[in-house]
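Trainee: Below are the chains, spelled out letter by letter.
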Amino acid sequence: AQRVTQPEKLLSVFKGAPVELKCNYSYSGSPELFWYVQYSRQRLQLLLRHISRESIKGFTADLNKGETSFHLKKPFAQEEDSAMYYCALSGESGGSNYKLTFGKGTLLTVNP
Amino acid sequence: DTGVSQDPRHKITKRGQNVTFRCDPISEHNRLYWYRQTLGQGPEFLTYFQNEAQLEKSRLLSDRFSAERPKGSFSTLEIQRTEQGDSAMYLCASSSGSFGENIQYFGAGTRLSVL
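Protein chains in written order, with this note's numbering: chain A, 1 to 112; chain B, 113 to 227.
Next comes chain A alone, as it looks inside the complex:
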């Protein structure tokens, strides 16, 4: 079974502080990992995916297969980063398991 765990429902930091949103997963194989973000009154949108190895809006995430984790990090949080963040996984890139399994989400609040 594939499962994604986000241990923190709520995370509150001050502007300029580092932020780390935790994500652990369970999957028999090599999954593809994603972070999706939902800003207030907006639709769910992709923030980043592990295979692209990009930094988006200052966020990075490294896949740690040994710890089965895909934590999202940003060194200096901004107020506009306040949103709901969802970690998600699907099957191997190029495979046939396309469905996304989501965690329950972490609501990040960046205080001024």
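Check each hint, because a few of them may be wrong.
Calculated lysine to aspartate or glutamate pairs in the DMTMM-like style (CA-CA distance at most 25 Å, straight line) [unchecked claim]:
1. Lys22/A <-> Glu156/B
2. Lys73/A <-> Glu92/A
3. Lys65/A <-> Glu180/B
4. Lys183/B <-> Glu195/B
5. Lys9/A <-> Asp198/B
6. Lys104/A <-> Glu140/B
7. Lys126/B <-> Glu140/B
Derived DEER-like restraints, expressed as beta-carbon distance ranges [to be verified]:
8. Pro182/B <-> Asp62/A: 41 to 51 Å
9. Asp62/A <-> Gln196/B: 23 to 33 Å
10. Lys15/A <-> Arg127/B: 43 to 53 Å
11. Lys15/A <-> Thr132/B: 30 to 40 Å
12. Leu227/B <-> Ser26/A: 31 to 41 Å
13. Lys15/A <-> Gln196/B: 18 to 28 Å
14. Phe14/A <-> Arg127/B: 41 to 51 Å
Just so you know, these hints were derived from the structure itself, not from any lab.
Cβ atoms here follow ideal geometry from the backbone N, Cα and C, with glycine treated the same way.
Once you have looked at the hints, place chain B on chain A.
Mentor: Relative to the frame of chain A, chain B by itself:
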């Protein structure tokens, strides 16, 4: 192209009634997905289509639920004999279908309230 479009945005119905939702994916996206999201949870997979073929259904999708994508373009999700437990946000997503490509673009959702 305005992205994935869902209609209606909100639906209020009485228990026992049938409801139908529509999703229009991004043009030329071959894969279309339906998810359901309840309060405090992440989206949960319901079903997906590759063109007009429904390739996978979750066990969450009871016999009262049916989804179609008749011409491989838009899709409909019908719920028969609605129950209060069906109250949720129903999300549609689409992806290009290119090999190795699984970036899913989501619609704004249809919020269903069953009274």
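Trainee: Out of the numbered hints, which ones does the structure contradict?
Mentor: Hints 3, 4, 6, 7, 9, 11, 13 contradicted; others consistent.
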